[in-house]
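These protein sequence lines map, in sequence, to chains A and B. Last residue of the first sequence? That's 589 in our numbering, and every number before it is there in order. Last residue of the second sequence? That's 1140 in our numbering, and every number before it is there in order.
Accuracy of the hints is not assured; some may be wrong.
Keeping only pairs whose Cα atoms sit at most 30 Å apart, straight-line, the calculated BS3-like set for lysine-lysine is [what the hints assert, rightly or not]:
hint, chain 1, residue 1, chain 2, residue 2
1, A, Lys-199, B, Lys-1071
2, B, Lys-1071, A, Lys-128
3, B, Lys-1071, A, Lys-132
4, B, Lys-1092, A, Lys-212
5, A, Lys-212, B, Lys-1071
6, B, Lys-1084, A, Lys-237
No lab work stands behind these hints: they were computed from the structure.
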Amino acid sequence: MINEDPLRNVLYIDLSKRSFWIENRRDLFEQYIGGTGVAIKLLQKECRPNANPLGPDNPIVFAVGPLTGVFPLASKTVALFKSPLTGNLGESHAGGRSATAIRMAGYGAIVIKGTSETPVYLVINGDKVLFKDASALWGLKSSFTVGRIIREQEDGAGLRTIMRIGGAGEKMVSYACVITETYRHFGRLGLGAVFGSKKLKAVSVSGRRSIKVETPKTYRELYKEVFDRTVESPSMKKYHDLGTAVNISPLNELKALPTENLKRSHFEEAGRISGEAIAEKYLGRRVACSHCPVSCIHLATYREPYASEPYFYKTTMVGYDYELIYSFGTMLKISSPEGLLKTLDEVEKYGLDVMSTGVALAWATEAQERHLIPNDANNGAKIQLKWGDYNTYIKAIEYLTDQPNDFYKALARGVSYASSKYGGSEFALSFGGNEMPGYHTGPAAHIGHLIGSRHSHLDGAGYSVDQQNLKDPSKSTPENIAKALIDEEKWRQILSSLTICFFARGIYDTDTVLKTLSVLGYKLTKDDLTRIGGEILREKYQFKTREGFNPRNITIPKRILETPSPHGIISEDTIRKGIESATNILEKL
Amino acid sequence: MKRLAVVDVNLCVGCQGCLFACARRFGDAGLSRSAIHVKSAGGIERGFIVTVCRACLDPPCAKVCPTGALKPRAGGGVILIPQKCIGCGNCKSACTINAIFWDEDINKPAICTHCGYCVDFCPYGVLKLEEREGGGGIAT
Chain A
1 MINEDPLRNV
11 LYIDLSKRSF
21 WIENRRDLFE
31 QYIGGTGVAI
41 KLLQKECRPN
51 ANPLGPDNPI
61 VFAVGPLTGV
71 FPLASKTVAL
81 FKSPLTGNLG
91 ESHAGGRSAT
101 AIRMAGYGAI
111 VIKGTSETPV
121 YLVINGDKVL
131 FKDASALWGL
141 KSSFTVGRII
151 REQEDGAGLR
161 TIMRIGGAGE
171 KMVSYACVIT
181 ETYRHFGRLG
191 LGAVFGSKKL
201 KAVSVSGRRS
211 IKVETPKTYR
221 ELYKEVFDRT
231 VESPSMKKYH
241 DLGTAVNISP
251 LNELKALPTE
261 NLKRSHFEEA
271 GRISGEAIAE
281 KYLGRRVACS
291 HCPVSCIHLA
301 TYREPYASEP
311 YFYKTTMVGY
321 DYELIYSFGT
331 MLKISSPEGL
341 LKTLDEVEKY
351 GLDVMSTGVA
361 LAWATEAQER
371 HLIPNDANNG
381 AKIQLKWGDY
391 NTYIKAIEYL
401 TDQPNDFYKA
411 LARGVSYASS
421 KYGGSEFALS
431 FGGNEMPGYH
441 TGPAAHIGHL
451 IGSRHSHLDG
461 AGYSVDQQNL
471 KDPSKSTPEN
481 IAKALIDEEK
491 WRQILSSLTI
501 CFFARGIYDT
511 DTVLKTLSVL
521 GYKLTKDDLT
531 RIGGEILREK
541 YQFKTREGFN
551 PRNITIPKRI
561 LETPSPHGII
571 SEDTIRKGIE
581 SATNILEKL
Chain B
1001 MKRLAVVDVN
1011 LCVGCQGCLF
1021 ACARRFGDAG
1031 LSRSAIHVKS
1041 AGGIERGFIV
1051 TVCRACLDPP
1061 CAKVCPTGAL
1071 KPRAGGGVIL
1081 IPQKCIGCGN
1091 CKSACTINAI
1101 FWDEDINKPA
1111 ICTHCGYCVD
1121 FCPYGVLKLE
1131 EREGGGGIAT
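My request is simple: use the sequences and hints to build the entire structure.
Right, here's the structure in full:
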């Protein structure tokens, strides 16, 4: 890397001591590039083995990559922490302005350690770090309000990110998220709860640095080439036009769209809440993350009358994506688009991970159907959940945040914990402790969810392997699946170390990655990338193993073996063999 | 003379490609030298405010420069003569629409030259380089 590149700066903030300092970790950024690669090394060092995820020994690591602020689409920030949901590696990526703000403030990574005694929010502006009293913000359940207040209080409009938590983070719901720029999230695995445990209400970062490149002329030409390919690319057009919600219809037709807690994989009424249907009637605005021309963020406009006053309306912009429509639309059978948008707005307000919340409520609805949940006020569900009944689900979202009794306290820790207490683990869609994403495409998706370092669809893209294998089902063997998943996950370590959005994986092929990196003084080869990808993955599994993960003992949710997928009924044997194969590869990394 | 103009701010998606393009004119990546700005209009859901130099014919920024470092440009706006600039920041305060930005790296203003490089990196048609109506000139 180039000598003076501020990427080497790691900002440490200790909330217990209210102190901060900067360390030069050029070594880490040279060896592991940035993003996930650097963050896992920092987490290994800073997170005490067997640390309580909600205690002072669990750090939050944010990291960006060399291409951030230099080339388009390197627009993600990687957050690593120990997850309160799984008790193991927590990894979550968010866009918005978070990545460019961190890079422009002059940092490659930020490590937040310790716990504050009193509520605090951090303002990082270049080399200044302020610990601001958040007593007046603590208790604000609405993440929207927190954003509004800090926007008014702090400088840097247009250049800043404001990462914040709502009520769910404060109450340490195990799958509370961190919201940035209102519509982007560190969604999965409970970073919001870790913020809450540190009494950290928000982090604002801003800056306006410049970054030197090796040869300006080459840089400008290469930038133009990447940019032109992006705006002309058909795959990016898909994200640009209808957004990820475009996948609802094809996955539903394929009978791969989990419905009613995956009792089924097809929703008759999906047409009412498809990407096309929502765009036609409700799409109000499309916006982009900083330094990405795609604008995949789709905001629906939802108008609601006030019951108390005629001709008074509240008009809200609600973000929607494939996973949101899956987790609340099809899993809970909310087919009313307005009901769905209203519900999603509530999830956003409190700051919950929408996927875990939808899956938790789907499990709770089925558990109530089966009379597993007692009816008394202290332990019971308080309300009768019913598929499609969004008003009751809205009440349940509030209960999940407030946790008024034992049942909601349990459900706020995820379906794995709730089912261990109340029964119903056979239909608890938990993979390594994380709730299922929206793909019942076949064995590869589920093997990926079980062995993946995040237990999410983002790891090895098993859904894509399944769809490829549909063309030639003889290829869908456990060994082939395991190899395809790990190969993809290795490459994704490179992308997420460069903090390139996975939507741009078609743009940033090996050649483009090498060329863009060379502008920043990284002289790497294709073999180097393969090696580094494998090393980063190895480091992640070392952390997972250290914290008790053993893929061979992992629980397979019975439900995924009962509901037909596009590959038919998935056998437990295939899944077990796939896990074994993948584990063998991982152990040799 | 041409000047940079905002065609339709409602087309802006807030990608900030123009900010980064502007800084690249000088060869560097990042934002320090950028002379254009995009921020939300009080939350992303409300859309964006795109701030560009309007190429004033009688530029207030030039009037307050104590060293004559900002020279009115034919067709409107100003040209910075860096060796004359003492970094006082008067110009930034004087700009009615906040279209003068600050380059912290060199402690001098970042001034739009109406070159139109940013236009090529706005895929949404928010910006364009237009011929000034009436031909413009320098008002004195």
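Does the alpha-carbon distance linking B/Lys-1071 and A/Lys-128 stay inside the 30 Å limit?
violated, 35 Å
Does the alpha-carbon distance linking B/Lys-1092 and A/Lys-212 stay inside the 30 Å limit?
holds, 25 Å
Given the hinted pair B/Lys-1071 and A/Lys-132, is their alpha-carbon gap at most 30 Å?
Not OK: B/Lys-1071 and A/Lys-132 at ~43 Å, beyond 30 Å, violated.
Check whether the Cα positions of A/Lys-212 and B/Lys-1071 lie no farther apart than 30 Å.
holds, 29 Å
With the threshold set at 30 Å, check whether the alpha-carbon distance from B/Lys-1084 to A/Lys-237 stays at or below it.
Judged against 30 Å, a Cα distance of about 48 Å means the pair is violated.
Does B/Lys-1071 sit within 30 Å of A/Lys-199, going by the straight-line distance between their CA atoms?
violated, 52 Å
In this structure, the hints that do not hold are numbers 1, 2, 3 and 6, in rising order.
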